[in-house]
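Residue numbers (this note's numbering), protein chains in the order written: chain X, 1 to 116; chain G, 1 to 112.
These aren't lab readings, by the way, just hints derived from the structure by calculation. Among the hints, a few may not be true.
With a Cα cut of at most 27 Å, we get these calculated DSSO-like pairs of lysine-lysine [to be verified]:
(1) Lys99/G / Lys60/G
(2) Lys66/X / Lys60/G
(3) Lys64/X / Lys99/G
(4) Lys41/X / Lys77/G
(5) Lys99/G / Lys55/X
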Amino acid sequence: GAVVSQHPSWVICKSGTSVKIECRSLDFQATTMFWYRQFPKQSLMLMATSNEGSKATYEQGVEKDKFLINHASLTLSTLTVTSAHPEDSSFYICSARVGLHTGELFFGEGSRLTVL
Amino acid sequence: GDSVTQMEGPVTLSEEAFLTINCTYTATGYPSLFWYVQYPGEGLQLLLKATKADDKGSNKGFEATYRKETTSFHLEKGSVQVSDSAVYFCALKDFGNEKLTFGTGTRLTIIP
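So here's chain G without its partners, still in its complex pose (with noise of 0.2 Å):
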C-alpha cells in the first residue's frame, strides 16, 4: 500500500538558517505529492504541490522537487523565520483515489 516517511521531528533551527525537511514514499501508482502545514490553533493548509516527476511545488520560499528516481519529496527554504515555526506533513494521493496518505508530521520551531 501507499506509504509516507517523513523526518522525525521536533526541528528547532534559528532564523535565517536552511531548513530541510526529508519525506520519501511508497505508491503503487503515479501519486501526487503534498505538502501541508500547520500552525497553532490552526486546520492543515496546503503549502504546496506537484503532480508529476520532476515538478517542483513553490510557495512562501518553500520548495519541494518531486524525485521519481528516488521517491522524495523534500521540503526545504533558504532562510527561515520565526512564522514559519508550525507542523509540517508530507502527503501523497495516488491517481484516481481520493484518499491521502499522511506522513507522521514534523514540528519545526524557529527561534530568534
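Next comes chain X alone, as it looks inside the complex (with noise of 0.2 Å):
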C-alpha cells in the first residue's frame, strides 16, 4: 500500500517554543491530508482537513492560530504547534487520501509531543 512518513516520531520541548511535524505522501500525491489528536485511552480526534493550496478547514474547539497546517505540496503537510504548553503534549497523527472522496486512508506512524 502507500506510505505515509511523519517527522520527527517524538520530540521533546520547552513551554513557549514552536514545533513543526511533518506529514508526507513518498508515493502517491495526496490533494487532502488529515490530522488527528490522539489522548492516552482516547481516541484519534480529528483536528483539521489539509488541502493542497488552500487554507485548513479546523474543527470545533481546535484553535487554528494554534495549531498551523500547511499544505504547500501534493506530497508534504506540515502541522506546527505554536507556543507549545504542557497540554499541548500528545500524540499527533496524520493520514493521506489517495485519489479523491473515496479513496483509502493511509496513516503515517504518528508524532509524539512532549512539552516541558
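Since each chain comes alone in its own frame, lean on the hints to assemble the complex.
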C-alpha cells in the first residue's frame, strides 16, 4: 500500500517554543491530508483537514492560530504547534487520501510531542 | 453526532485462542464501518471494512459483519497468532462526510 511518513517520531520541547511536524506521502500525491490528535486511552480526534494549495479546515474547538497547518505541495503537509504548553503534549497522527473523495486513507506512524 | 464505542483493553490471549473485540456505533446517516490496526512503531492500516448492512469485511483471518439492527461491527478471528499483537481501532464514516470517527482503540497482546 501507499506510504505516509511523519517526522519527527517524537519531540521534546520547552514551554513557549514552536514545534513543526511533517507529514509526507512517499509514493503518491495527496490532495487531502488529515491531522489527528490522540490522548492516552482516548480515540483519535480529527483536528483539521488540509487541502493542497488552500487553507485548512479546522474542527470545532481546535485553535487555528495555535495549530498552524500548511499543505504547500501534493506530498507534504506540516503541523506547527505554536507557543507550545504542557497541555499540548499528545500524539499527533496524519493521514493522506489516495485519489478523491472515496480514496483509501493511509496513516503516518504518529509523532509524540512532550512539552516540558 | 457520530460516535464509536469499542471494548476497552488491554486484551491478552494465548496463541490460537478465539478473538472478539466488540464495537458499537451511533450515526445519523448510513455509515461505512472500518477496522484499523496499528502494529508497534507503524501507522494505522486498514484491516477491513463494510459499507452497508449485512456486509462482511474480512482480511488476514479477521472478520466483522455490519449489523444495523444492533449497530455493531464486532471484530473476530478464530485463531490468533503472536503477530496479531497490535492496537485495533473501530471507525465509521458517514455517507457524504470525509470525517472518520474512531473508537478508543483496543490493545491486543498474544502470548505464545
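Comparing the hints with the structure gives:
1. Lys99/G / Lys60/G: holds, 26 Å
2. Lys66/X / Lys60/G: violated, 41 Å
3. Lys64/X / Lys99/G: Holds, at about 18 Å.
4. Lys41/X / Lys77/G: holds, 24 Å
5. Lys99/G / Lys55/X: holds, 17 Å
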